[in-house]
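Peer 1: Below, each chain spelled out in residue letters.
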Amino acid sequence: AQSVTQLGSHVSVSEGALVLLRCNYSSSVPPYLFWYVQYPNQGLQLLLKYTTGATLVKGINGFEAEFKKSETSFHLTKPSAHMSDAAEYFCAVTLGGGGADGLTFGKGTHLIIQP
Amino acid sequence: DTGVSQDPRHKITKRGQNVTFRCDPISEHNRLYWYRQTLGQGPEFLTYFQNEAQLEKSRLLSDRFSAERPKGSFSTLEIQRTEQGDSAMYLCASSFTNNEQFFGPGTRLTVL
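First to last, the sequence lines map onto chains B and W. Mapped onto this note's numbering, the consecutive letters of the first sequence carry residue numbers 162 to 276. Mapped onto this note's numbering, the consecutive letters of the second sequence carry residue numbers 217 to 328.
Treat the hints with care, as some may be off.
[Stated by the list, open to error] DSS-like mimics (lysine-lysine), calculated; alpha carbons at most 27 Å apart, straight line:
#, chain 1, residue 1, chain 2, residue 2
1, B, LYS268, W, LYS273
2, W, LYS227, W, LYS273
3, B, LYS210, B, LYS230
4, B, LYS268, B, LYS219
5, W, LYS273, W, LYS287
6, W, LYS273, B, LYS210
7, B, LYS229, B, LYS210
8, B, LYS268, W, LYS227
9, B, LYS230, B, LYS268
[Unchecked claim] One side only, chain W facing chain B, incomplete, derived with CB under 7 Å:
#, residue
10, PHE261
11, TYR264
12, ASN315
13, PHE319
14, GLY320
15, PRO321
Read the hints as simulated data drawn from the structure, not as lab findings. All values derive from a computational prediction rather than experimental measurement. Where a beta carbon is used, it is the ideal one built from N, C-alpha and C, also for glycine.
Put together the whole structure using the sequences plus the hints.
Peer 2: Structure representation (structure tokens):
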């Protein structure tokens, strides 16, 4: 079974500062990893994903994440925060290889951008 | 718009009533997923279809929950004899592979 831990239910950064949202996972098999963003009263939008290959993945809106197998981590970063980045962010894991499995999500991190 | 759609967006019901939600996936997607999201939590996987076959349903929360996808296109999620604890956002997602799931806007259920 997989699990996801997101450290920090709330993260506050100043506009223009570095954004770092932490995600650690556990999985008995090589995982596929995802970051989703959710704006109030909306569904989830995929920011980026890691399946295989390059461990540094780039996503939309200037976000990127690095898969570190030795640390079982998949932290999300953005060099310079923008007010429009304020939202809820979810890290998720699923089994790799195309098996029939839903996503296992973390509890989410609420990102607050201070002007 | 060719995204995932869900209907209704909001549903208020009284305890003990049955409710049914509909999900229309992206047309070429053969996989369809249902999730439940409660306040302050991440989505929780409930069930999964590949075409019309329900390949995973052990994660449905109780026997009051059931889902169908009769022709491999749209899907319905039914909750019988609703309880106040069923109040949540119910999300549907679809995919062509398991690499990337596209989510709908959700149906918010309030049980009074």
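Peer 1: Need the list of violated hint numbers for this structure, in ascending order.
Peer 2: Going through the list in order, the structure violates no hint and respects every one.
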